[in-house]
Amino acid sequence: MSLGIISHSDCSAHNVGEHHPERPARIAAIQQEIANCELEPHLLHINAQPIKQEQLELAHNAEYIEYIFENAPREGILQLDADTAMMPESLNAALLSAGAATNAVDLVMSQEVNAAFCATRPPGHHAERDKAMGFCLFNNVAIAAIYAKQQYQLARVAVVDFDVHHGNGTENILRDESGFLFCSTFQHPFYPFSGTEAHPTHIINTPLSANAGSQEFRQAITNDWLPALHQFKPELLLISAGFDAHAEDNMSQVMLYEEDYHWVSRELKSIADQYSDGRIVSVLEGGYSLGALGRSVVAHLEGLLS
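Using the working numbering, the letters of the sequence shown map in sequence onto residues 14 to 319.
Bear in mind the hints are in silico, worked out from the structure with no lab data behind them.
Careful: at least some of the hints might be erroneous.
To be verified - Computed Cβ-Cβ distance ranges for the label pairs, DEER-style:
hint, residue 1, residue 2, range
1, SER15, ALA95, 40 to 46 Å
2, ARG142, GLU261, 30 to 36 Å
3, ASN74, PRO101, 21 to 27 Å
4, LEU239, GLU88, 17 to 23 Å
5, ARG142, GLN166, 30 to 36 Å
Yeah, the Cβ is synthetic: ideal placement off N, Cα and C, and Gly gets one too.
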């Protein structure tokens, strides 16, 4: 089995401050841990290609896209909200991150690889149709999901999100689209303070309490995600892979470990093996404790390769 690792050095050029948690060192930590693990014979390293501007309209309003392009700074920092900013290299990094996700879809759909992981930044799952949010400019996983459904005439595409924050942007984009299932676990109450309101049946939100650990997380997956995925029978499975629920990550109070990320990845691979010919696309979201992030990504990849 082969697994594609899609990345680009320009994703590390996006740097909105040395004290900002979503920083270039995140990618370096992942790359270092991958280089030191035993997975290398199974990995295919691929350079991301930037997404075309018109493809962003799969998930975003034209007015929002135009605003980002027209206001991308040539120098200094543009603050889009309290958490989200752009500097001169940010737009290119964001186009590469979104492009990596659609590149990954093409790779798994053409069977060049069995699965793919996008080690790119900035992340995307908080970006809504018409606004940036939570470190995110474009919603990489939502763009990839809609692209896959249209490009390959798929009837059912599932997106699952185990980041510690609710994938509000992905829900915002997919909630009125047919042929999608979206599942999200997240600490609640917690940023972005969404996910507990009424939602359609193809949206599966499972809040986790502060200080929730492995047992509560695994029960949520077992009781909520897996039955929904079996009923839905996805033809392609996409993962918003956030690792900020790790016990060492001070971004949250949930207490997960590498073993939990390996376990959930293995469970998701089993779903993909049954319904999607093993096709999985995983896209990096959060994870800010560098050591825990690198180890968790390797555990995730090991689960996808199991």
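Hint by hint, here is what the structure shows:
1. Separated by about 41 Å at the C-beta atoms, SER15 and ALA95 satisfy the suggested range of 40 to 46 Å.
2. Hint check: ARG142 to GLU261, Cβ distance near 34 Å, so the stated range 30 to 36 Å holds.
3. Remark: the range hint 21 to 27 Å for ASN74 to PRO101 is upheld by a beta-carbon distance near 24 Å.
4. For the hinted restraint 17 to 23 Å between LEU239 and GLU88, the CB-CB distance of approximately 49 Å leaves it violated.
5. Evaluation of the 30 to 36 Å hint for ARG142 and GLN166 yields a failure: the beta carbon distance comes to about 23 Å.
Hint compliance for this structure: hints 4, 5 are broken, all remaining hints hold.
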